[in-house]
Amino acid sequence: MKDLKQIINECKDLAFDLNFTRAKKWKEEKPGRVLVGYMPIYFPREIIHAAGGMAVGVFGGGDRKQIIKGDAYYQSYICHIPRSIMELALDKHMDHFDGFIFPSICDVIRNLSGIFKQHKIGKFVKYMDFPQNFLPQIGGVFYQQEMEHVLEYIKEINGKVPTTDELNHSIALYNKNRQLISEIYAIRQDFPWRLTIEEVYYILRAGTVIPVEEHNEILEQVVAHIRQNIGVPQDKIKVVISGAFCEQPAIGLIKAVEEAGCYVVDDDYMLGSRMILGDIDTTTTKPLEAISNSYIKQSQYSSSIYDVNNPKEYRLAKIVKERGANGVIFASASFCDPSLLDAPIFQNAFNKLGIRYIAFQYSENINQFKVIKEQVGAFSDSIKLWEDEPAAVSNINLTATDSCKH
Amino acid sequence: MSQEAIKEKSMILQKEMIEGLFNDLDHTKELGKKVCYTFVPGNLSELIRTFDMLPVYPEINALQSAMRKKSGGYIKEAEKNAHSEDVCTYVKCDVGMMMKGNIGPTGTKIPEPDVLLLSYTGCFTFMKWFETLKREYPNAKVIMVHTPYQENAKMTPSMVEYMVKQFKEEVIPQMEEVTGIKYDEAKLKRMLALSKEAEDWITKIFDTTKHRPSPIDAYFAGVYYIGPINIGFRGTEQAVEYYKELYSEIQERIRLGLGPITPEGEMKEEKYRLVVEGPPNWTSFREFWKIFYDMGAVIVASSYTKVGGVYDMGWRHDPERPLESLAEYCMNCYTNLNIPQRIDLLSKCITEYEADGYITNSIKSCNSFSAGQLGMMREIEDRLEVPVGFIESDLVDPRYFSYSNIKNRLESYFQMLEQRKMMEKETM
Chain L
1 MKDLKQIINE CKDLAFDLNF TRAKKWKEEK PGRVLVGYMP IYFPREIIHA
51 AGGMAVGVFG GGDRKQIIKG DAYYQSYICH IPRSIMELAL DKHMDHFDGF
101 IFPSICDVIR NLSGIFKQHK IGKFVKYMDF PQNFLPQIGG VFYQQEMEHV
151 LEYIKEINGK VPTTDELNHS IALYNKNRQL ISEIYAIRQD FPWRLTIEEV
201 YYILRAGTVI PVEEHNEILE QVVAHIRQNI GVPQDKIKVV ISGAFCEQPA
251 IGLIKAVEEA GCYVVDDDYM LGSRMILGDI DTTTTKPLEA ISNSYIKQSQ
301 YSSSIYDVNN PKEYRLAKIV KERGANGVIF ASASFCDPSL LDAPIFQNAF
351 NKLGIRYIAF QYSENINQFK VIKEQVGAFS DSIKLWEDEP AAVSNINLTA
401 TDSCKH
Chain A
407 MSQEAIKEKS MILQKEMIEG LFNDLDHTKE LGKKVCYTFV PGNLSELIRT
457 FDMLPVYPEI NALQSAMRKK SGGYIKEAEK NAHSEDVCTY VKCDVGMMMK
507 GNIGPTGTKI PEPDVLLLSY TGCFTFMKWF ETLKREYPNA KVIMVHTPYQ
557 ENAKMTPSMV EYMVKQFKEE VIPQMEEVTG IKYDEAKLKR MLALSKEAED
607 WITKIFDTTK HRPSPIDAYF AGVYYIGPIN IGFRGTEQAV EYYKELYSEI
657 QERIRLGLGP ITPEGEMKEE KYRLVVEGPP NWTSFREFWK IFYDMGAVIV
707 ASSYTKVGGV YDMGWRHDPE RPLESLAEYC MNCYTNLNIP QRIDLLSKCI
757 TEYEADGYIT NSIKSCNSFS AGQLGMMREI EDRLEVPVGF IESDLVDPRY
807 FSYSNIKNRL ESYFQMLEQR KMMEKETM
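Residue numbers (our numbering), protein chains in the order written: chain L, 1 to 406; chain A, 407 to 834.
These are calculated hints, taken from the structure and not from any lab test.
Hints may be right or wrong, so weigh each one.
What the hints assert, rightly or not - Derived pair list, reagent style DSS-like, types lysine-lysine, alpha-carbon separation capped at 27 Å:
| no. | chain 1 | residue 1 | chain 2 | residue 2 |
| --- | --- | --- | --- | --- |
| 1 | A | 413 | L | 155 |
| 2 | A | 574 | A | 593 |
| 3 | L | 370 | A | 486 |
| 4 | L | 123 | A | 506 |
| 5 | L | 286 | A | 571 |
| 6 | A | 547 | L | 352 |
| 7 | A | 574 | L | 352 |
| 8 | L | 236 | L | 373 |
| 9 | A | 547 | L | 297 |
| 10 | L | 297 | A | 754 |
| 11 | L | 318 | A | 506 |
| 12 | A | 475 | A | 696 |
| 13 | A | 486 | L | 373 |
| 14 | L | 312 | A | 593 |
| 15 | A | 560 | L | 160 |
| 16 | L | 312 | A | 547 |
| 17 | L | 286 | A | 574 |
| 18 | L | 2 | L | 176 |
| 19 | A | 486 | L | 352 |
| 20 | A | 571 | L | 120 |
| 21 | L | 25 | L | 12 |
| 22 | L | 352 | A | 482 |
| 23 | L | 312 | A | 482 |
| 24 | A | 475 | L | 297 |
| 25 | L | 120 | A | 435 |
What the hints assert, rightly or not - If you want the footprint, here are the derived chain L segments under chain A, 3+ residues with CB under 8 Å:
| no. | segment |
| --- | --- |
| 26 | 103-115 |
| 27 | 128-139 |
| 28 | 254-265 |
Yeah, the Cβ is synthetic: ideal placement off N, Cα and C, and Gly gets one too.
With the hints as constraints, model all of the structure from the sequences given.
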């Protein structure tokens, strides 16, 4: 077993490799392999795996890519991630990708799919319209058709039509991936000092750019390490980060929150890798239906999923309660419609529920965090020093969460 | 001495229609009618009327608040309640108006919704908007219609089927439940036949800009022309009558060789013919328009007038396929078209209406329109070698309308057009 520090360093290199070198090498190892880039938030990577491909997460250039061409495509009042994705594409960082998936999360990512089509980037560009109808016979069927459409594109490239067994096998691999990630979060809930949120981030993000089999091995080793009594506890409050599911904060900001006196016990940075809660059925003869049902019936709340019968504020409150967190930090990318439009809903509900929170905005390419660090530090101090019962959320009545099903 | 504006018959007809709707909204209880809040793009007017409901359009309320100079206060009210500065100002104006008592344009309270009909067409923010409203109106029934995006520049049979299933299994049963009225397909078909007729007329009306001088302005006046077809009257005799009358008035203008009517009378000289992409600014609508007509610029086509339906390419409601036709209607609204489709449509307008230039009015808080506009503009410039211009404003937030900046940019743009015209004359 590798040393934990070594694993983390390797994951860090993989996570921020804007040339996607590991994916490129994987493709070159065997004819017929395809690479499909997907944007945040969620995409069922299982289907690409079963079709002999690899789905590769494209989360923007962060603070590691200077934007020159990308700015020519976007006005100043549009978030940063589409311009850095354009920069990566125009600078040929993704020339070895065969196609691109743009999940339906907001108008900006939707229209970015059109710009990719306009520029004929990749052999195919697919805007993946996730259903906002949650009846299996309506929205579920439509979602299966969307997945079939993706598989048709792959077949045009490598001639491969995945069998039921292959799909079930791929689903099983990703089930394992989700189980291991869940275990890391479960251990950190009680022992957050064993692995920092920065390290968790490297490990999860690396998993979006390497084969799932390799990532599962990494996760198994990480779990084995953090089951040991390592690290030294510090006097920090526990918080949940919410709202940073698409454009990613610079790593300095992710670190800054913990450095300022918080343990981050849950977050939505890599929400796509954790979107499906629990396993997807691998025993069925209709695996696409199983994937579809999992999205409809067992997905995490998200700002991009219509939630009227499944109120997100109670879903988040439930996470806060279950993790034993003292509060929530709402971190939204500047000009991020889904995240910012949800802010009043969360904050009004949390005022009533008595859940403490703060909110700030960031941009992927900004790495000056002094003000945010001070804000987080003051939040942490206010809970540690002046509250009689720091775990203020433990008594919340969350009966509304009992109906948290679509 | 101020001169009283002369109103044409079509204007009076439209005023009567809208006053009638608001009057009905003031008396919903007496009339025994349910109230349905919905949006303009992908509006299911005929289906709403099939169930005798009265429509309310939150984005129309917002733009009317802006024209009455009230939106700034409403937006600030919403921002005090955790709404970000950086999101759709229609949403914030609507929320602020609600927080201030929901007083509508006629000065009376707009009734609360019985139904929030979310036909989620071409704008992701609509979904977030109704998530917010649902929390404000917990007793309202929310009916969601997911409209698939034309990502591949077409409406496939599976997309139509998906929507029809939603109509049959979700929308119609819930509307029956709320109103107590049984779905009457024959009634819907009769309305769809009238919709088709109105759509034929409005297409002919916007086609009159092929004349020189153009008898209408297809953007600043166009936003009034699309009123009846977009805000609940599609599928009625009134709408057909309005569009017939409007067409007849425009024909008379063509016969007399007249240009468009502006707030200051007829535009005397048509110097520049333009196509505009993007919604207008509503807070300073008159000042914005004046910059154009003072320079002799007429808008011969605009994408905004297609936001409630694209009829230029021949698509019409079809009474023989009622639900399929409603599905196609929703999917065929402008902002539900992908970027290459938008470029093709605007290029067609520039060519067919012989435009001298193309202007983008980029709206700060409307990503559905704005994201991608710069690339669209460059491609149109390359494809057609037409001079392009770019200005920025906002829908209903007065803080983002900078008159001097916009005027300076447009004056420079018109100088460029003038220069180009002179050069073309010299080379002829």
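Within 27 Å, alpha carbon to alpha carbon, are residue 312 of chain L and residue 547 of chain A?
Judged against 27 Å, a Cα distance of about 18 Å means the pair holds.
Mind checking, does the segment 254-265 of chain L have 3 or more residues with a CB under 8 Å from chain A?
Violated: only 0 residues of the segment 254-265 of chain L have a Cβ under 8 Å from chain A.
Using a Cβ cutoff of 8 Å, are there at least 3 residues of the segment 128-139 of chain L near chain A, or does the coverage claim fail?
holds (count 8)
Please work out if residue 312 of chain L and residue 482 of chain A have their alpha carbons no farther apart than 27 Å.
Holds, at roughly 25 Å.
Do the alpha carbons of residue 370 of chain L and residue 486 of chain A lie within 27 Å of each other, as the hint requires?
holds (25 Å)
27 Å Cα cutoff - pair residue 574 of chain A, residue 593 of chain A
holds (16 Å)
Taken at face value, is the distance from the CA of residue 574 of chain A to the CA of residue 286 of chain L at most 27 Å?
holds (26 Å)
Under the criterion that the straight-line Cα-Cα distance not exceed 27 Å, is the pair residue 413 of chain A, residue 155 of chain L satisfied?
Between residue 413 of chain A and residue 155 of chain L the Cα gap is close to 62 Å, so the pair fails against 27 Å, i.e. violated.
Pair hint residue 475 of chain A and residue 297 of chain L, alpha-carbon separation not exceeding 27 Å
violated (46 Å)
Would you mind confirming whether the straight-line C-alpha gap from residue 120 of chain L to residue 435 of chain A stays at or under 27 Å?
With Cα atoms ~56 Å apart, residue 120 of chain L and residue 435 of chain A exceed 27 Å; violated.
Against the 27 Å threshold, does the CA-CA distance of residue 312 of chain L and residue 593 of chain A hold or violate the hint?
Given that 27 Å is the threshold and the Cα spacing comes to 39 Å, the pair is violated.
Compare the distance between the alpha carbons of residue 486 of chain A and residue 373 of chain L with 27 Å, and conclude whether the hinted pair is satisfied.
holds (24 Å)
Violated hints, in rising order: 1, 4, 7, 10, 11, 14, 20, 24, 25, 28; the structure is consistent with all others.
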